[in-house]
Every structure is written in C-alpha cells, then in structure tokens.
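The listed protein sequences derive, respectively, from chains A and B. Under the numbering used here, the first sequence has 141 at position 141, and the numbering climbs by one with no breaks. To convert, count from 1 in the second sequence and add 1000; that's the numbering used here.
If you're looking for bench data, these hints aren't it; they were derived computationally from the structure. Accuracy of the hints is not assured; some may be wrong.
[Claimed, not checked] Simulated coverage check for chain A against chain B, where a stretch passes if three residues somewhere in it have a Cβ under 8 Å from a Cβ of chain B: (1) 64–77; (2) 85–98; (3) 108–121.
[Said to hold, decoys possible] Here are the simulated lysine to aspartate or glutamate pairs, DMTMM-like style, with alpha carbons at most 20 Å apart: (4) B:1641 x B:1100; (5) B:1317 x A:121; (6) B:1191 x B:1650; (7) B:1735 x B:1534; (8) A:128 x B:1006; (9) B:1343 x B:1262.
Beta carbons: idealized from backbone N, C-alpha and C, even for Gly.
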Amino acid sequence: MIAALTPTNGTPVFAAEGITKVYRMGEVEVHALRGIDLALQEGELLVLLGPSGSGKSTLLNILGGLDVPTAGRVRYRGEELTTADESHLTLYRRHHVGFVFQFYNLIPSLTARENVALVTEITDDPMKPEEALGMVGLGDRMDHFPSQLSGGQQQRVAIARAIAKRPDVLLCDEPTGALDISTGVVVLEAIETVGRELGTSVVVITHNAAIAGMADRVVSMADGRIVDERRNTERLRPDQLSW
Amino acid sequence: MISSLDRKLLRDLWRIKGQALAIACVIGSGICMFVMYRSTFDSLGLTLRSYYDEQRFADVFVSAKRAPESLAPRLAAIPGVAQMETRVVAGVTLDMPGMDEPAMGRLISVPAAGRPRLNDVFLRRGRWIAPGRPDEVVVSDSFALAHGLEPGESLTAVLNGTRRKLRVVGVGLTPEYIYSIRPGDLMPDPKRFGILWMERKALAAAFDLEGSFNDVALRLVPGASEQEVIAGLDHLLEPYGGLGAVPRSLQISHWYLSNELEQLRNMGNTLPLLFLLVAAFLLNVVLARIVAVQREQIAALKANGYSNRTLGFHYAKLGLIIAAAGSVIGTVAGAWLGVEVTKLYTDMFQFPVLRYDLAPIRVVQAVAVALGAALAGVLEAVRRVAALPPAEAMRPEAPADYRETLLERIGLGRFLSAPSRMVLRNLSRRPVRTLIAVGGIAAGCSLVIMGRSIGDAVQVLMDEQFTVIERQDATVTFTEPASARALHELSRLPGVAFAEPFRSVSARVRHGHRSRQTAILGLVAEPRLSRLVDTRHRAIPLPAEGIVLSVSLAELLDARPGDELIVEVLEGARPVRRMRVVQVVDQYMGTSAYMRIDAVQRLMRDGRSVSGAYLQVEPSRADELYRRLKETPRVAAVGRKAAALRSFQESIAKNLGVMIFFFTLFATIIAFGVVYNSARISLSERSRELASLRVLGYRRSEISFIFLGELAIVTLLSLPVGFALGWALSALTMKSFATELYRFPTVMTRQAFAAAGLTVVFASLVSGLAVRRQLDRLDLIAVLKMRE
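This is chain B alone, in the form it adopts within the complex (with noise of 0.2 Å):
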C-alpha cells in the first residue's frame, strides 16, 4: 500500500516529467560513460590475463644475431628464471597474389613436437606442423583473413633469399601479436605484415642457424628481479650480437594494450564525473525550487506532524529516484556501448575470443556513484526544508531581494529597458546559479570540442607524417646492410625517379643513468624524401658530426642540447662512442635520434653500407617496380605510402566516427538538461511576474523576451567559456593520449568551435522553444490568484 505521502511523490515526480527526464539522461550520460569504460577495461583486461596465462606468454624477450645453442644452459640457470625457450625468429618476404609489392613476414621457429614452451600457438584452425614436415606454416589469423587463405592452401615466401612453397596447415594466434603491427607502421596493416610458424630444424636450416638461436623468451620465478636477469642475460648475449633485453612491459603488443587500457580506465574516471557534476547542479536547483514553490505545503506537513526526517527524505527520493532512473538508463546504454566497442576491440586486436563481460559490481558501483551525486545534489534542499519553521512558512515569502546591477550602477541604465533591467537584474540575483548554469552548458559545449580535437589531432599528425616529412611514394629495407652497389642497381629500376639512401642501426643510448633503446637512423645531409621536419615544418638539416634526438627521446633521456650520451651500437662490431646532442626536434611521432648518412658509416666502420633507400616512384611505372622489388631476394620490405595511408585512414576514420558521435550526443544532452532546467525553473519563478506584465498589456513576445533573453544571456556567456574549457579539455586528453610514439598536437579548429557552439545554441533554441509554448498557456487569472 502506497502512503499518501508517496503517492504526492509520483504526481510531483510526473509534473516535473521534462525536468525529471532530462537530468536523468544527464546522469544516464555519465553512468553510460562509466559503464561503457570500466566494463570494456575489465573484459580486455580479464582477456589478456587468462590468454596470457593459457598460452604462458614470456616476461622478458631478447634477440641477438646468432648464439649457440650451448649457450641455452648458462641462460637458463640465471639466477630468477623459471622456463626459458630459444626461438630463431626471421624476417621474410610473402609474394601474395593480388599485391604487387611484397608483403612482410615473420617466421617464429616452433618446436615440431610437442607446443612452444612460452608463447604458445592459440589454434584457431587446422592443425599442428607435423614432425619433418619443412614446408609446414600456421600462420596468423589476421593475415590468414585478409588474404583468405585456409588451412590446405600454400603460399610464397623468400626465405633468406631463396623463394619457397610453404603449405599452410593452421591459423592461429599468439599473445605476442595480439596488436600486430609492422616496425615502423603507425596501424597495424593484417594485409601487409602476418606471423608464420614453422618447425624449428627447417627454419634453422633456411637462415644458417642450425644448432644456434637468435631469439630467447623467459618467464621469471614471481618475485624474481626483472632488472637482474636483463642485465645477466644481455651480459651472455653481447658476444652474439645481443639487441638487448625488454621487459614484458615494453614488448610492443603488450605496451600498446597497457596504453589502451590505461586510457579507457582514466576516461572511466573522470569523463562520468563531469557528468555527475552537471546532473547534482540541476538537482541542486530543480529541488530548491519545489521546496520554494511547495513552502506552504511543507508548512501544512508539518503542523500536521510530520517528522523533518520523514520530510527531508521525501524531497530526497524526488533526486534519488531520477538517479535510479539515470542508472538504468545509463547501465543498459553503456553495456550496449561497451559490447560495441569491444567489437571495435576485436577488429584491432587479435585475440582467441574477446568476450565482453559486465561484472555486477560495475553496475553497483554506477549506481552507488549516480545515487551519490543525487543525495549531493538534493543535499541544500533537504537541508532547508528540515529548517523551514513551519510558522514562519505559512506566511508568503518575503519579496525576493533585487539590486540594481553594475551596469546600472555605473550609470548605463537609462540604455536599458524595463524589461532588460529585469533580466539583468534576476540573472545577478543569483550569480551562483547563474555561473554555475554557464558552467553546465559550457561543459557540453567543451565536450563537442573535445570530441573534434582528437579527430583534427590524428588528421593534423597523418598530414604531418605522409605529406610534410614523408614524401617518398615507398619505402624499402633490405635485409642486411647493402653496398653503395645495392643503392645504384635500386635507383636504376624501372620506375624510380629518385632513390635516397639511409642506414639505421639499433643502439642503446645512455645519458646519466637513463637508457634507452632506439634506432639511430641515418639520413643524407638535406634529404628530400623522408625529412626530418618540426611541428612548426621546419626542415632540419642534419649535421655533420653529433646526434638529433626526436623529443619524445630527449625526455626519456632528460637530454638537451649540448648534453653528451654514450652510444653503445647493438649490432656488427658493437661500437661506443661519446656522442653529444646537437639539437632537440620537435616531433609528433617516434623515439628516434638521427644522425648523417657519413657518420653512421664511419661509426659502423662499414664502407658506405645502406639499410635502405626512400624512392621517388613514377605512378605510370609503380606496378612494374613492385613487381620487380618483390623478386628482388635482397630486399626485406617494401612500405607504400599510399597504403599505409589507407589503412591508416580506414581504421581511425571508422573509430573517431563513433566517438565523435557520442562525445556530440552527450554534450547535446548535457546543454538540454541545463538549459531546458533553467528554462523550467525561470518560468515557475516568473509566471507571476510576467502574468502581470501581460495583465498591464505586454505582448506575448515582450515577455518571452524577458523569459528567453535570460537564458540567451546565460547560454552566450557559457560559449567563451566553453571554448576555453574545450580547449583545456583538449589539451588535457592529449596529454593524456601522449605515448612514447605518439604526442598529440591541440588543434582547435574553427571548425570543432563552431560545431560546439551551434551544439549549445540548438539545444538552447529547442528547450527555450518547448518552454515558450508553455509561456503562451499562461493562464493568466488562475495566476494571479494564486497566492504566491
């Protein structure tokens, strides 16, 4: 049996229904970004966990360039390690039909009986290699998919420079490659690079490593110190040409998912709250003003002897039950989202089955936080109807205090009409509310901002990486170092216009005691193709003697200008030199220091060897020309721009698409709820008043000009500051997307201003619209009879 009490409850409940709703899609908003976030960062982080176990994924990886097998032992018995694999692990090239250029390969040696020790094979389809079988792959089921190749069919790769048949008999999927990406890419391309596994004895004979290894993965013993045994097993490796040692936390499948998982669980945090602020501001003042309106009421209540508790809680149920109204709006939506964007998940990363999950304390806790900013908000309310002395409240209100404004008071007030003054004057008398009402709506205003910045940000980083600093049409890596002969014969082949060399070399570079391993890449004095530009498009030459460090590197190395590194070259004679950094460039991507052509090969103490060159192509010849690279043994990889840009473009386009969408739907909703809130309450405030003006002969529209020009002032105010507020936004999400490959730039574009504000002033024009129809059903006697 419902009291009667509740039974008010309801009916004040559905007089506010408007109100009611849009605060409770505000709320629902910022529960649907907090359940959408955190149930997404649990399922992946749950996935990764139980993967990473079942398929015994490694803690610290290792390549070197060729160690005996004899040497296994000495590594297994470092002190803290509890399994250890060596791999052989080789780069090839696939000759896929349909493609022109080669794509890149990767073989990982696996034992042919029995699975890996470490890093095991999740088998999707087909079968395990068969013992003595070399012509046995499982390959990757990405690449697998976008070239549709099934387990029974073959493929041909060129396996250290000879061209062979290799018959797939499964696709599988490792945790080592969950984020599949090719060095030196900015998205992964499933089309462009794929994993192959074969047995160890034939891939070892195909690279000259029988009886040695070129790759080690461990596990430790749980509480083993993981900067020991680096430091013991690149100590054993350096003979064999040791790269050095990386923790799992920097494996770069790994480190990608972290970054991504970090990044969902701070857009979890503090996105909702933005949310949660705005919707207990609008409770705050819906409350307030039943509590004003139902003065009376209360009074009568009490006389009748109701409790100040059994009252206050009345109110508050009034808040906490659009919180529950929130919540579930807000819990559905979200976990609607988060099984969207785990899709989105499955697309970017591989993994055996990513199964979204929402742990029922998530939506506890969504509930606990939407209820939590209700009882915030309703907070004032409950408290002044527990203080209303009962009769004191059967008295009419004192007329509410009004001032003239600065604006009068300094005298501009005779420019001003009656009905200005009145909205200057009801705006001032409430400079809290007031401010904190521009604030709402700046907030969703911001939000729009914040939206459109990443997008411009990635569009801003793609122009800067493919048209200002890569001009090349292509991009090819030889296998090993070649002579100044390799160059030659590749700038004679059809097609190139224009062929300029580079070499890199991978290399440990101290300052103090910050190390780093980076590539060192060596460019021409005034490269044309592949520049090395700042953020402003500058054009930095490189200099003769000394290093470049990217920025992202100079702070890893807290390095500046003039600061002397230790170089230590992690390939052929291993060279250390004492380098001193000449100059610190501005740039978006990469952990790179760069250096001349000339000193990179004197450092190497290799004649004129290059790594690579960057080729100008003739669009009439490029067919022509990948077709010859791809027959070419000597080269490794070929990377085309345009390529690349496509894949980029395909797969951040679709997924800035649905977020921008969101960010914008949010804000919407956001600005709504505060500007319809504020009409709602202008008008319950003021329906006296302006019931009079009509009576005293003001036209319908001069009075709407007192109600509407209110909420023009307010939502024009909130525009300036909610352009700073996304532009502060903006700066801070970018910040916090920042990685060690990627710094974003704040871009504000005019653009992401003007969506922003025609997001406010729409929302603005429907709900003061909605409110004026109102307005027009004045009953104008029943108004002024009502004793106020």
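Looking at chain A on its own, in the form it has when it is part of the complex (with noise of 0.2 Å):
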C-alpha cells in the first residue's frame, strides 16, 4: 500500500471529502469538523485560518494520519487513510508526512542533532541531520540541548526533524504561535525554502491572518467548517509579512 503511495500527476496531494469529527472532551462534546471538503495540490502552499477552536488542528492532525475523522473520507495520492489502520497509518507518518507543532515538541533529552536523527534513523534515504539543520540555519547549534536554544531555534530544529525524511507534505500547526514576529520570519522562511527546495507540499495552520500573505491558497475556517477559501495572485516573502 505505502509503495502505491507515490505522487502522480494531476491527481491533488490530499482530497477530503465530508470530514466530520466529534469528540468527548471530558464530560463535553465537542464537534470539531461539521463536514470539510478540501483538496491540496503537489506543490502548493496552503494556509489555514481561523480562530482556537475553528478546527484547523483537528483536520491538520486528520490528514497526517495522526487521527481518523468520525465521518467521511480522506485520500492520499488516491489511498483512502479513513479505513487504514494503526500500523499502516504509522508507515504513513513515517514515510511521507512532515509535523511541525506549535511547542517544537523536541526531544529535551536530545541534541539538535540528535532530535533530527530520531526521524533519520526511521526512514529511507533521508537528508543528513546536519544538512537538514543547515537548511533551517542552525549548523552551528548543532549539539546544543533544547534548553540550549531559543524558541526560534527550537522551532526550526522541529523543521529540520520534519524535513530531514524529505517527506511529500510538511503539515505545520501554529508553527509561529510561540513566537515573537523576528522569529517568526525566520521560522517562516525555512518552511518557504524547504517548500520551494524540496517541492514539499506544505499546510500552515494559524490564527494570524498575515501569514496568509506567503501562501499560494488561503482557507479560512470557522466552527468546524470552511468559510472561505481564496488564492493569493502573488505570493508575499515572509520578510514582507508584517503583523
């Protein structure tokens, strides 16, 4: 199945059709997705926009396999993802998808380096960890824990650990929320390199409407459905986002 997932053309990255997601958050329920249809292209640089609780995350988190929606079908590359099942969805993370998360989520224990090799060690023809950190700027930090680094520094360490497998789709989730604008931009411009580099598909999802700037399409989400959904004529740099 996993070998069957390889990209072809024409045929967009992910198609999702009618995804709906309920969940129990202690004694609550929570409807996260009321019926999403979304499809993302090779190549493209998506954006999702929307307020905390729109339900960015929870689709983010749908199309990499890291959850299975209540409802609908979600495609990768024409594989239904809905109906694999745990071991395949693994191989499916491990292999194509690249997560970037709000906190880093890095590895405290680990060196920069170290957090990279933890996905090279996985993986077939990865990128060298140091090449990968040298990508996102950080050849010089290479051995420092995460305690070490500034947020800045951790959230592009996250990026490298994500790209280092060259993997088909980066999906990043507030990847700049931690941060303050300068870093911000740095963080921005090595999701934008490795995009452009790599020919990565890439999802950002934020709250900050000037991100919408850098991206090819912009979808705005609000309470668990797509509200609006626009394709930017020309693509801002992330120097030229201000917010």
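Take the two lone chains, each set in its own frame, and fit them into one complex as the hints suggest.
Pasting the structure below:
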C-alpha cells in the first residue's frame, strides 16, 4: 500500500470529502469538524486560517494520519487514509509526512542533531541531520540541547526534524504561535525554503491572518466549517509580512 | 552505533538516577536474598548428598541393649536390606584437662582391619587405628579442635567404670554427627561432647559385649519399604532390648540438617517475593509519571512514524535496565553473603569441606525473576504509551479530577487550611497509589519487626528454659539406673545444697494408629528444680496416676486429655500399659511425656531406682563438686547450666546479630526506595502547582508542608499497617521455624516496634529532605513558562 503512495501528476495530494469529527472532552461533546471538503495540490503552500477552536488542528491531525475522522473520507494520493489501520498510519507518517508543532515537541534529552537523527534513523533515503539543520540555518547549533536554544531555534530544529525525511507533505500547526515577529519570520522563511527547494506540499495552520500573504491559497475556517477560500495572485516573502 | 531513541533512554535514566538506584537497590535486596538462600541451600544440599554417598551413610539406625552376633545374619536377611553393620556404641565420660566437670563421649566401634562398611569416618588428620591396639582412638574434629587435641596426644576416659588412657591417632568426621549434639542439649557444645572411634574388640571387651552388639546401621535396597524393614528389625531385636529402629529422616543429625535446608528454601522463596512486589509497584509509579511527563514527546515520536511497539519497548527498557542493574547488585551481594552464611554453617555443622557453590542456573533464575518483576511493573505504562492517541496527546491534559475528601464532605473541611486540603485531596485522588505506597513502607517496617522478633523469641525461649524451668545448677545422669542409695550419696557430696531425683525411660507411645518413640520423664510430685511449666509460667504438679504430654507430642499423637494411650517401655522388662492423658502442657521445647517418679518406678518394677538427679550447688564449692563427680565412675554425664547457657548464647548471638543487621538494612532500603520515589514523583507532579503558590507569596516552608505533609501522612499511615504486618509475618515465620523440638513464641516487644518505626521514619526523613533540597531550588519562572 505504501509503495502505491507515490506522486502521480494531476491528482491532488490530499482529497478530503465530508469530514466530520466529534470527540468528548471530559463530559462535553465537541463537534470539531462539521463536514469539510478540501483538496491540496502538489507543491502547493496552503494556509489554514481560523480562530482557536475552529477545528483547523483537528483537520491537520486527520490529514497527517494522527487521527481519524468520525465520518467522511480522506485520500492521500488516491489511497484511503480513513480505513487504514494503526500500523499503516504509522508507516504513512514515517515515510510521507513531516510535522511541525506550535510547542516544537522536541525531546529535551536529545541535542538538535539527535532530535533530527531520531527521524532520519527510521526512514529510507533521508537527508543527513547536518544537512537538514543547515537548511534551517542552524549548522552551528547542532550539539545544543533544546534548553540551550531560543524558541525560534527550537522551532527550526523541529522543522529540520520534519523535513529531514524529505516528506511529501509538511504539516505545520501554528509554527509561529509561540514566537515573536522577527523569530517567526525566520521560521516561516525556513518553511518556505523547504517547500520551494524540495517541492513539498505545505499546510500551515494559524490564527494569524498576516501569514496568509505567503500562501498560494488561503482557507478560512470557523466553528468546524470552511467559511472562505481564496487564491493569492502573488505570494509574499515572509520578510514582507507584518503583524 | 546507538540509536537516538536509546540515547534518549539513557539520558532519561540518568535524569531519574536517584529513583532508578533506589528501585535497583530494592530489586537487588530481593535478588540478594534469593541468591543467598538458594545458593546456600544448593551448596549445603550438594555437600550433604556427596558426603553421604562417599561415607556410605546408613538409611536405618537401631540401638539395643545387647544382641548376640549370631543374630546379625538374620538381620541382614530382612528383605530390603542391602548392607548391614553391627556395632558397639557406648557412652563414656572424658576427663579433660582444664574442665572441672566431665565431658561426655560416645565411643563407636570400628573394624580394626579395613574401614566401616557404613557410616565411614572421614579421616582429617593422623592415621587409622592399628589392628591390635586397644588404646588407640580417632577423635571427632570439633572435639579435638575445642580441646586442642592432636594425633599423638592422649586423653583419659572412664569406660564402664574403669579409667583408661586413650591415645589419639587420628581426627575424623562422620555423616552421623554433622550436627553433633548431646542428647538433651539445645545447641552443639563441642567442648562437652565428642565422638571417639575405637577398635571393636577392645570396645566390646571394655563393656562386656564380646560376641555381641548393641547398635545396628543398615542401608536399604533402592525401592525397599523402610517401614517393613523397620518392623522386621524391631521384631528381631525386641528380645535383646531393641530401642526401636529409626529411619534416616528421624536420625538426629540428618533431621536438624533437613530442617535447616527446608528453612533456607522457604526463606529463599518467600522473602524475595516481598521485595520484588514492592519494586514492581515502584516501577509502575515511576514509569506512569515518566509517560505522563513525556506525553507530548510520545505524541511527536508517533507523529514522526515511530510505532507503538517501538515506543512501548522503549519505555519497557527503562524498567528492564533498572532490573538488570538490580540483579547484578543482588547477585554479587547474594553470592558474597552466601559465602559468609556458608562460613557460619561450617562452624555449626561438621563437614569435611563445605564448598560454596553458586550454580549458574540460580543466577539465570535471579535475573529472570528480576526482569519478570520489572515487566510486571512497566506493563501498565507500556500499555498507556501504546494506547496514547497522538492527536489527543498534542493537547494539554485535562485538569486532574479532584474531589472533596470524606473529611470535608462530613463538614470537617472548615478546620482544614488550604494547604492541608491540598494534601488530603492529593492523597485521596489516587487511593490505590496511596494504599500501595503505605503497603510498601509497611513491608519495610514489618521486616524490621520480624528480624527482631526472631531474636526476641530466642531470648524468651532461653529465659524460659534457663530461669523458669531449669532452676538446677547441674544435671547428673548415671550410666545405669541407680538405687536410692546412689541419690543419697550424691546429695551428701560437698557443695550439693539440694538434689532432686528423676527417672527417665525410653518408650514408644501409641494413640490409635499414630505412634512416637520418646522419653518418659519421671519427676517428683512438685518439683523444685527442674519444673514442669507451661508457657504462662504456671508450674504443673504431676498427677499420681496417668501421663502428661508436651503439646508437640500431643499434636504428633493427636491426643487430648482423657484419651487413652498405649505405652510400650523399651527398657528393662519392657512392660506395656494403657495410660490416660491427664494434661497437655503448652511448652516451647521438647517432645517428652511426664509422669510421677513413683509411677515410673512402679511401672518398671525396679524399686526406687533413679536415672539421675538435678542439683542445686553452693557456688563456693562448685569446683570441688565437679572434680568429685568427674571421679565418680557411675556418673555418665554432668550438665552445667551456666555452660549450656554460655554456649547457647555465643552461637546464637553471633548469627542473630548478623541476621537482624541485614533485615534492618533491607528494610531501610525498601522504606527509602518507596518514600524517595513517592517524594520525587509528587515533586514532579506538583512542581507547577507549588511554584504557583510561591509566586502567590507562599514561603518555602509552607509549600514544603504541602509536599512533605503528604509523605508524612503516608509514613504515619504505614506505621500501624507495618506493625500489624510485622506481627503477622513474625507469627508466620515462627510457625515455619517450629520443629518437634522447638516451638517459638511470637514475641512482640516495644523495642521491636520502636526500632521498626524509627527505621521507617528515618528513611522517610532522609528521602523527604533529599527531595526538599530540590524543592528549594525550584526555578519559578521556568516552571510557570513550561506547558504542562
């Protein structure tokens, strides 16, 4: 099945149809997604915009194979993700998806290089950890532990970790959420560079509308639904963004 | 090349090194006990078997008064008998320089040419007896050692009333007397009891037993019925004063040894279990906390394609490494202790060599058991890792679900400060964990109590025996039952303040299909010196008619007061009588039956004969008295209470001291392990909360109260539980130590409780303070910035 998950031109990377997601949080039932249809094209940079609680993280998790929808279908390059079992989802994530989280989720007991190696050790044909860290501009910080790095640097380690496997899709959940403007820009530049140089499809979710300027396409969500979708005629460079 | 995940593992391990070490020590203690007990058991068992084989230790033993040698072929012809040897065995008194009272010797005949067919002597030094040399003897090793006797030296013995000088030509050992104890003694006393081997002809001549024998040892054909052979032997020997054959299992030395082995095995199986249970619990709690803290790391790893199995094993390895370290510590310590215990056994038991041997299989078992315990401990955490949905783990954990405690619900809440409420709610939120922590500390507490109670039980037993029951200073036993005149003479010896006679006969007592060979002790109606006393120190007067049983004998026979027994006397005219049980006396020691002395004398129809007497001695003239007794041919043995007490205390005190030390050490380890881990985890769970309080203006001492208050409550709760557990564990241990000869009282002293309580409180304090230092170093800003 995994072998079949190779790119073919013309078909979208992701195709989501009628996804809903309901989960319980304590004693409350949360309708996180209420019927989402979305497609992501090859090499596209998509920004998912929305306030917190709009369901964008849930959508991202479902696209990344971390979660399954309550109803609806998700196909990755034509392959059904919704019916895949846990071990298939694990392999899917291992070989095709790069994740970047708001709080970096680095392993504090491992250095930057080791955090990246954590991923390169289990994938076929990865970059060298050094190469990946070089791409995000951290070639001189490779032996630092997360606690010795600034927030922006930690996030760039997380990006290096996500791209070192040469993923087909990079999913970033509020990558600049915990950062100030200037650091955020550096991080977004790293994401942009990766997308451009590796031809990776990128999804960035954020509640920060300013970031939308760097996207090919901007999808706005609210209350578990897509409320708006527009295509940027011109993509801005991250250093042209302001918020 | 070490993988990044393993690197994380090693660093995680390093971060919790204190806790890991504490758990490894708890596992190590369990494994140490396992290895020590089991390897000692193995070494002792192996040595025993090969020694028995090499020296051809007999299967059945029987003594008689005097049987003609012509009976021997008939004994050998009993179906099932493979090998048989007749012997002459006689008691002698030995006049040892430097000892006022006589020592007791047992002379055993050996063939002059060749070696004994059964129960061969292992010659340690010197040479074998030369044919035709009636004065040559081989002396038992422990006796030789106690008196510094070497081959070439001589000693004076009284053989059948005649003083003879005997030349020691060799020093030897026998499987018959590995545990070499004088009948009636509590502990081996090598200074006062020795074995001597002498040529058969000379020995028989000295005791007028030429052409006769009075002792038989035999080996059975494999698969032969021991019971039938014994019945055949008893039948053939009855006319010759046969005292009833005993199988090897009841042979006194073997019987002691097998009891000892059994105890080693029981201890080796049960005690380690306690430690491993506690260790598994600790691992469970520690791993659960690590998984909770690393929730988001786990999610990130899963997001990056690490499988559940890889991650589950990653966390399991943490426990396995700790267990492996524990088994290394435990095996090394256990092997070292095993060597030491084996050394103690070489003092207590007489073996040619007692080599300590740690079988590889025991090490494998130890490691397997430790790893098994670790797996059991980590299972829950591993399951949680596998079940953790990565998407959900990205979100912060929902706030823990707290409730009002029972105390608050019944309206006592208003008496509690906010910090006190936090302490109580924390404890009651995880009742199972609190309970197990209480149980773990209680286990440590109970071990101290148990260790102490063994010592206290022995102390009570000694007090009982040497101050309540035995009020005499010495016990004199005659070679043969003597007349009343002999008693009169004895009481007129210098230094004798008072003499009280006793008459003892050996008999087989039957009740229904149960029977037991024992001694019936005839005492005066209201003894003043050696009294019949129950465990509540009440003196029991002897009834004019009927028989009184010690509780162990009554249990063996399943007899109760009012039951009728058949008593077959195995001496003299061998009368058989029906007798009613008048009373069962609750005693700690002995399997005797008691009667009034005049009733025994009537039963035996031998006038007013006595077997010996208990003496009260004027201290100033004691030396003179013992010198006179040594020269009295009729006296077979003189037991001095002071000497018996001293030898008992010496050998017991050493062993007990070592044992109590180790139990206390292990208990401390267990208590420390539990408290320290609870404290660390509570710090890890609470650091954010405690830091918030500090930011709100709480002082260090106040947040320490919340944090240490929990530990204090757990420790305090564990004390009564530990006391109860200790009492139960002691009772159980005493029960398992009980043999036919001894029953140990479960003695609970205030000192034992105090020692146990102090050990636990000390361990709690040390670990509480160790963790408090970390609490003081809490980085407020960092903790608050951290996303929980």
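Results for each hint:
1. 64–77: Our answer is that it holds, as 3 residues pass the Cβ test (under 8 Å) against chain B, meeting three.
2. 85–98: Since 9 is at least three, the answer is holds.
3. 108–121: holds (count 9)
4. B:1641 x B:1100: holds (14 Å)
5. B:1317 x A:121: Status holds; Cα separation ~19 Å.
6. B:1191 x B:1650: OK: residue 1191 (chain B) and residue 1650 (chain B) at ~13 Å, within 20 Å.
7. B:1735 x B:1534: holds (18 Å)
8. A:128 x B:1006: Answer holds: residue 128 (chain A) to residue 1006 (chain B) is near 19 Å, not above 20 Å.
9. B:1343 x B:1262: Within the cut-off at roughly 19 Å; holds.
Of the numbered hints listed earlier, not one is contradicted by the structure.
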